[in-house]
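Peer 1: With UniProt numbering, the residue at position 243 of the sequence shown is 243, and numbering never jumps.
There is no bait here: all hints are sound.
Within a straight-line C-alpha distance of at most 25 Å, the following computed SDA-like cross-link-like pairs (lysine to any residue) qualify:
no. : residue 1 : residue 2
1   : Lys138    : Ile149
2   : Lys206    : Met154
3   : Lys176    : Pro198
4   : Lys116    : Tyr142
5   : Lys248    : Phe453
6   : Lys116    : Gly137
No lab work stands behind these hints, which were simulated from the structure alone.
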Amino acid sequence: MDSNGVPPSQEMETFLPHSEKSKEVEVKKYSLTKDPESGEYDPFADRQLENPTSPMDTLTHLLKASLGTGILAMPKAFKASGLIAGIFFTIIVAVICTHCAYVLIKCAHILYVKTKRPAMTFAEVAESALLSGPEWGKKWAYSFRIFIIVSLFMTYFGTCSVYTVIIAKNILQVVKHYVPDNENVLNIRIIITILLIPLIFMVWIKNLKYLAPVSMIANLFMGLGLGITFYFLVGTGELNIGKVALIKPHLEWPEFFSLTIFAMEAIGVVMPLENSMKTPRALLGYCGVLNKGMSGVTVVYILLGFLGYLRFGEDVMDSITLNLEPHPNDPKVYEILAQVVKVSIAIAVYCTFGLQFFVCIEIMWNAIKEKFTKRPDFADYVMRTIMVTLCVFLAIAVPSIGPLMGVIGAFCFSLLGLIAPAFIEVITYADIGYGPFKYLLWKNALIFLFGMFALILGTKTAIVGIINDAA
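Kindly generate the complete structure, drawing on both the sequences and the hints.
Peer 2: Right, here's the structure in full:
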């Protein structure tokens, strides 16, 4: 049991509300040397769920989890790639990220049969792959599990630091708009420091039942903010293709990939979503939930990136909302709408903070709870306070949205969302077969190379950006 008196949540389980039972959906499997799921044990018949989610519910949660704050940085990503290159590169990133999520689910289904277990977390899939794979890998199984858990912690801890900076920058612009700060007394670090207290109160909410309404508020404000943002992009200014680059120099591309991977990766969500379904096979297939959801997400990301870069050109900022400063000659309503967007995004991100940080809290509490059996509630509150304080300190140290997003996307999500699933598939299929001409090996080698490219070059570019911003 966790600190809230409920079983530990699985990575992003916080996105999943109760829903009605779903109908069976059969999805065709791709064929290999052997049928990996043949056998008497049916893990999904053995899965006992009190409130299973339907495929439509799962699609909704996938869209909600994927259309996060990373979308605000897509115009900045297009600035690093060029207008036309950004479209093709976004599609490439979307295909690879979606495929890796697909691979993780597919391998989990195979491992359910091998281990006779009805459900697993991401870390358990990683460990089970090595335990049931080649002999040489068994001794590394537990280490691989810990690697996944630590990577999840780093990813969501860093993401919450980015959230803190986004909230602070939007608030700072609104405050400076209405209260001119001629002496520059206010700065981003002061706003981030002030946010510490409300963020602590948000993280002190221990029961997911009380966080669910907060999530709904976040969705409403994010929808409002994005809706007005799209209006600003297409209805309040000139879209001049002549002032933007169609293809940028290749040295700028790593920044595009790191930002886009951060924005589009949903690898921490897919196993909790799968575990909540009575018909998990509905996630897979050409027209499965995963492909449908990520196709829609890709279209929205391309639209915002394309229009944002086309509208503001080389002046586009780390978060597109920060560009929404109306001209003095514009109607008064533009000024009001611009500030409404920033306040809406700030509220939405603040309301999402508790849900995202819940992942880090669960990982940390499960690691230390055995040492605090006498006063677990007090220890839990102290742990939450210390963790959110460290998260805010990281934001104070690196108050830059783009470079911080880039580090998390390039380093954390490349490891977690690209390299790890490719490795898991190679190990899982070692005794099944890699298909004609061992195409699975070649495919995963390409994914590994792409992941290493994003990891090394993207991380380097992001760190240089952090250093330049600090200079």
